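Peer 1: Chain order of the listed sequences is R and L. Going left to right, the first sequence walks through residues 1 to 477 as my numbering numbers them. Going left to right, the second sequence walks through residues 1 to 165 as my numbering numbers them.
Keep in mind that a hint or two might mislead.
[What the hints assert, rightly or not] Covered stretches of chain L (in silico footprint by chain R; criterion: 3 or more residues with CB under 8 Å from a CB of chain R, positions within the stretch not fixed):
| id | stretch |
| --- | --- |
| 1 | 16-29 |
| 2 | 63-71 |
[Said to hold, decoys possible] Pairwise CB distance ranges, derived in the manner of DEER restraints:
| id | chain 1 | residue 1 | chain 2 | residue 2 | range |
| --- | --- | --- | --- | --- | --- |
| 3 | R | E198 | L | K22 | 26 to 34 Å |
| 4 | R | P414 | L | D2 | 56 to 64 Å |
| 5 | L | E25 | R | P414 | 48 to 56 Å |
| 6 | L | K139 | R | S204 | 52 to 60 Å |
| 7 | R | S218 | L | S154 | 44 to 52 Å |
Hints are computed from structural coordinates only; laboratory data are not their basis. Computed from a predicted model, the values in this text were never measured in an experiment. Glycine included, each C-beta is placed from N, C-alpha and C at the ideal position.
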Amino acid sequence: MSDQQGISWLNDTEAILRFIKRLIKELPELKDMVMDLNEGDLLFSQGEPLEYMYLILEGNITLTRLQPDKTEEKLITLGSGSFAGLISFTTGEPTLTSGKITQKGQALKMRPQQFEQYLNDHPRLKHPLQQLMLNNMIQRYKSNLRLQTRTHQLSKDLSKERNDLKKAYARLEETHQMLVHQEKMATLGELVSGFAHEVNNPASALMRAAENLIEIYSKFESNHYSYKLFKLGLNSQPVDSNTQRERMLMIEKRYPWIHERSSVRKLAHMADEALDLIDDNRKKGEMETLINHYEAGKMIHNIRIASNRIANLVKSLKSYSRQDQNKEAYEDIRHGIQDTILVLSNRLKFIDLELKLDEVPKTCANIGDLNQVWTNIIVNACDAMKDQGSLKISTEADGSNIIVRISDSGPGIPENILPKIFEPNFTTKNQGAEFGLGLGLAISSEIIGQAGGDIDVVNRTEGGAEFSVSIPIRDDC
Amino acid sequence: MDHKIYILIVEDEIEVMDALVKDLEDFETVFPIETANDANEAEEVIHYILDHGHKVGLILCDHVLPGKNGVDLLIELQKNEDTVRSKKVLVTGQAGHEDTILAINKADLDHYIAKPWTEKELIDVVRGQLTDYVIDNEKNMLAFMQVLDAEKISEAMRKHKMTDH
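The shape of chain R in the complex, shown without the other chains:
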């Protein structure tokens, strides 16, 4: 950093210098103090106590300072009229810099200890020297200010760069997490559809076995009272435990001789038609056998119900997970919503679900991706409602868009976090929860964005949050 023009400041300096040079010629003791500056010579080294102070008459001295990383930093080049060793002279401490002669010339070499003496001995010299020193100090101060401003600017630039870097890193991290999540979902999809396929076999076997049992039973006992009882059991209606208790009291009155509580319970499950049938045929068979015919029917009924549920779950799982992901297809998005609801039936078990899936045109969409969006919104709603409340899902078309609205009866979303909920890593849930990654809504927003649609959320005036997703209607796939 050259400060040449800064050092050869005002005409004043030159005038003073000319005056001093004239004095040197006149005063022999000053003349003795003049020394030659030979280019390349080291005048003083950093860290050493300074013996002399130099006033440069001609030539240049460059001050350098050793940096912490052992490199030499060129600080300033002093020209004629400048003092070298001024600070060390004023403070009496070892010099902060090294001084090297970079252009030959002459300097006035003064012992600091004798300086005061010179000034007193030569009053004519006193004023110009003092003026020169003051000018030097002002110059140094100015240069210091410039340096400070520069440093400040640099550190500002640096911290801006650091912030940019941080932001870039955060974005990278988000993208990374999203990719990992998407990869996980894809793997999960494959697993689920493989699993669904595997479960289908035992489920079908179960269903077939139940139907075969029914057939076998009908051949054995067709038109017999025992088959009729079996049939009644097969078509029996579920009885809740309150009704069950009431009916058990009734049975105890109707058949006071039955003490076996398990028999009372089984009879209590039967509809009156079955009880009448038992009364009509009681003499023909043991009570226990009669009950067992009904029980057999009821158990096969239960197998039917249970295996049907498995089959339906498997069907919706397969359809929900869509192995052919990443493909757009011309479809009715309501099918995806229905699959999602079935897959989430466990979470929605105690939620009052209101579906208003109005007719909407088919569109080009990736149903598997959209299912992920419905899932995220619905699961969030269930969490917010603590699995109790009402959930309303509706679809409508407004000409160019399909709009899906999902609203819950939860506490709504605090206004201060409302603008942030589609940001990655924003979560209100603590770690550990299944969907607590804070990526659900960010990914949903990403998916809807890719589909060319919009996702938004508002708090309803009547309470709860309402998400609305709009998807453009297209037929170009």
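Take the given structure of chain R and dock chain L to it, following the hints.
Peer 2: Here is chain L on its own, set in the frame of chain R:
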């Protein structure tokens, strides 16, 4: 024996309830079974049993229930003076789930049974739990012996006699 010891089954799915009751029907000769479809009903049934001077020996509770879930119900019953001694077994489709661990720790759960269960497993657990309940709470153990772990009960009776004298 002036009072009865009840088995209470809490389960909201009728088919699953049917299966549990069916598997445990052999106990009914001594331990009457009561059923409830949710936590509120379970509490009502428990009151009813206690109000009539009977006891609840074992509560077999489903995990996911409408309203208050099974784990919360068991935790509450564990805090209640009247049911703290009742044996508590969680029947869960979510073995290893956080909630199950919570139940084991907080409700002082005596056992949990993972769905799907086998008849033998269920009967063994119920027999073991009822045996422990009877040994800890009943003076006249003989009356319950026929459906319980006879060996354990007779050993407990011997010890009981020794401490009596």
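Peer 1: It remains to establish, for every hint, whether it holds in the given structure.
Peer 2: Status of the hints after comparison with the structure:
| no. | hint | result |
| --- | --- | --- |
| 1 | 16-29 | holds (count 8) |
| 2 | 63-71 | holds (count 3) |
| 3 | R:E198 x L:K22: 26 to 34 Å | holds (28 Å) |
| 4 | R:P414 x L:D2: 56 to 64 Å | holds (58 Å) |
| 5 | L:E25 x R:P414: 48 to 56 Å | holds (53 Å) |
| 6 | L:K139 x R:S204: 52 to 60 Å | holds (55 Å) |
| 7 | R:S218 x L:S154: 44 to 52 Å | holds (50 Å) |
When each numbered hint is compared with the structure, no violation occurs for any of them.
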